[in-house]
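Asks: One-letter residues, chain by chain:
Protein chains: 2
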Amino acid sequence: MKAIIKIGLKPGVLDPQGRAIARGLNDLGYNDVKDARQGKIIELDLVGEDKVEAEKQVKSMCEKLLANTVIENFSIQIED
Amino acid sequence: MKAIIKIGLKPGVLDPQGRAIARGLNDLGYNDVKDARQGKIIELDLVGEDKVEAEKQVKSMCEKLLANTVIENFSIQIED
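Protein sequence lines, in the order shown, are assigned to chains A and B.
Numbers 1 to 80, taken from this note's numbering, label the letters of the first sequence in order.
Numbers 1 to 80, taken from this note's numbering, label the letters of the second sequence in order.
The hints are simulated quantities; they were obtained by calculation from the structure and are not laboratory data.
One copy or two, either will do: identical chains are not told apart, so a pair holds if it fits within one copy or between any two.
When the alpha-carbon atoms are kept at most 30 Å apart in a straight line, the in silico DSBU-like pairs for lysine-lysine are as follows:
#1 Lys40 <-> Lys6
#2 Lys34 <-> Lys51
#3 Lys51 <-> Lys64
#4 Lys64 <-> Lys40
#5 Lys34 <-> Lys64
#6 Lys6 <-> Lys34
#7 Lys6 <-> Lys59
#8 Lys34 <-> Lys2
#9 Lys56 <-> Lys34
#10 Lys34 <-> Lys59
#11 Lys10 <-> Lys51
#12 Lys59 <-> Lys2
#13 Lys51 <-> Lys6
Chain A extracted, bound-state conformation (with noise of 0.2 Å):
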């Protein structure tokens, strides 16, 4: 079973790597670039069938270690 975790910066939170991104676009004469946001994508190998199981461990890990929840958005998808 595999879990596909996004995480990303709340809406309104600084993103200096993506102002970084979006800038370095322009520069290279992207202009159609307005901004941009950068998050992380973790994809968990896990060992188990139940998926209802796995999204609840899934959560309190990313509430635990994986995710900043103060800044940190995320979101959870349990694929076979």
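Given chain A, work out where chain B should sit, using these hints.
Replies: Quick look at chain B alone, frame taken from chain A:
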């Protein structure tokens, strides 16, 4: 228009960040985690309406600046 770009290490390329995540989760007692891989997700705000043209542009951005195509794969998704 929005472009969602996912960038991850190619299979077989060593991912020390992913390894650290997997070990950290195991140390916290999440023993169902066998392996982890970490990648980036970049969300671009784009001016313009032409999705085909946008996808071509974003592919060029990935090749020139955003991804290291020697060791990384990327995928692009264009949304309204």
